[in-house]
Every structure is written in C-alpha cells, then in structure tokens.
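Novice: This is what each chain is made of:
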Amino acid sequence: DAKTTQPTSMDCAEGRAANLPCNHSTISGNEYVYWYRQIHSQGPQYIIHGLKNNETNEMASLIITEDRKSSTLILPHATLRDTAVYYCIVRVGPAGGTSYGKLTFGQGTILTVHP
Amino acid sequence: GAVVSQHPSWVICKSGTSVKIECRSLDFQATTMFWYRQFPKQSLMLMATSNEGSKATYEQGVEKDKFLINHASLTLSTLTVTSAHPEDSSFYICSARATDPRSPLHFGNGTRLTVT
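Read top to bottom, the protein sequences are chains G and E. So the first sequence is numbered by our numbering: it starts at 1 and just counts up by one. So the second sequence is numbered by our numbering: it starts at 1 and just counts up by one.
Hints listed in this document are in silico derivations from the structure and should not be mistaken for laboratory results. Each residue gets a CB set at the ideal place from its N, CA and C atoms; glycine is no exception. A hint or two may mislead.
List of simulated lysine-lysine pairs, DSBU-like, C-alpha gap at most 30 Å [claimed, not checked]: (1) E:K64 x G:K102; (2) G:K102 x E:K41; (3) E:K14 x E:K55; (4) G:K102 x E:K66; (5) G:K3 x E:K64; (6) E:K14 x E:K41.
Ranges of calculated distance between the beta carbons of each label pair, as one might list FRET restraints [what the hints assert, rightly or not]: (7) E:L26 x G:G29: 28 to 36 Å; (8) G:E66 x E:L26: 33 to 41 Å; (9) G:N30 x E:H7: 32 to 40 Å; (10) G:I39 x E:E87: 35 to 43 Å; (11) G:Q42 x E:C13: 20 to 28 Å; (12) E:K14 x G:E66: 51 to 59 Å.
With the hints as constraints, model all of the structure from the sequences given.
Specialist: What follows is the structure, encoded as structure tokens:
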C-alpha cells in the first residue's frame, strides 16, 4: 500500500471549513484514497473515499489532485464534535481481491476545533 | 446502515483468565472481519483477519494461540484473549467488510480491556 503523509495536528475555528491535507505521492493506479476519523475512545468512523474524481457526501468533500499524489479532506462547517484524529489511508479498492479492507493506519492528523 | 457492534465495550479481568470479545455486523453480512489493537497514544495495529468458515490469518508477531479468533457465521466474529496478562491491556477494535465489494470498511466502537 502507498504510504501517506499527514500533518501531525491542525486547529480550526468552529463554523469555519477544515481542510486536511494528505500526501500520497507513490499511489498506484488502482489504489483508492480513504478517510476515517477516530473520536477519543471510539472506533474509527468512515468518512469518504475516492479514486480520482472529487467526491462529496453528507459529512465531507474529498478533493484529489489531477496527478493523484495528494488529496484534501474538507469539512465545510466544522463543529466541536469534529475534534478527532483523521486518518488518510491509501488502499486497493473494492476490486482488490480478498485482502480488500485490510487498512494500515498511520498516525493521522489531530484536528482540534475550538470555539 | 452498515453498523458493527462490539461487546462488551469495556472489561476488567484478573491476570491469567480469558476474555471473549464479540463483533457483530447488524445489518449486513460480513465475509471478512478484522481485529485491531490500539495502545494509548498510538495508532491502530492490525492483529488478524477473520474469514467466515476458515482459519484466521494473523499478522506477524501476533500469537495465534493467545488471541483465538472464531468467525462462525456471516454476522459474528469473536476474539478470545487467553491467559490474559497486564500487557494485554489495550483497546481492541473490530471491523467488517460486507460481501458487496463496493462498500467501505466499518468499525465497531471498541472494547477497552484492563487486566489487573
């Protein structure tokens, strides 16, 4: 799996957009970008994933650069409850065979949303 | 949809005893489940992959005789920590993959194990 690089921590004001970057310069053509977050003492929560097109759902938007070497997770209106560790994971997608789903977690980005 | 339930959410046991943790997919069938462990201030580390009806696959360094995994049905996998010791105290998290390959991996809320 391609390695990802994320900032250790970020701050964001409540109500503002939180933009979390992720570098994955060695990503392969069949690898997807997944984002999960983990609120303290809970299991990781799936946020969004994408291959090459930008994606949006009710939680966030995912912007992937044209060369796919980096991406940005956008929380459009951050709230205090969005304070968590955010993990960017690159992994072979749904057609990746029986090992699909085996995720390798890095250290992630600690996002702190303050009033 | 796609809810994964873990039970118990926390457990305290004495050294030398065994503890069983359950992981259930509530609204989908999971052919594959994954067990992770997380120590304080660290990231999640994959312990093993559990496949329905077959033996689990363990990651390097994880003792299969100590961490027994059973995936007897498409909705239930169990992790038994045998002869627990204080160093086994950790946050254990399961995740499940639905048979639909387009669905993402979903996680349970974890089990906090404390061995005294």
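Novice: Hint by hint, note whether the structure agrees.
Specialist: Outcome of the hint check:
| no. | hint | in the structure |
| --- | --- | --- |
| 1 | E:K64 x G:K102 | holds, 18 Å |
| 2 | G:K102 x E:K41 | holds, 21 Å |
| 3 | E:K14 x E:K55 | holds, 28 Å |
| 4 | G:K102 x E:K66 | holds, 21 Å |
| 5 | G:K3 x E:K64 | holds, 28 Å |
| 6 | E:K14 x E:K41 | holds, 24 Å |
| 7 | E:L26 x G:G29: 28 to 36 Å | holds, 35 Å |
| 8 | G:E66 x E:L26: 33 to 41 Å | holds, 39 Å |
| 9 | G:N30 x E:H7: 32 to 40 Å | holds, 36 Å |
| 10 | G:I39 x E:E87: 35 to 43 Å | violated, 26 Å |
| 11 | G:Q42 x E:C13: 20 to 28 Å | holds, 22 Å |
| 12 | E:K14 x G:E66: 51 to 59 Å | holds, 57 Å |
This entry does not satisfy hint 10, going by the numbered hints stated previously; all others are met.
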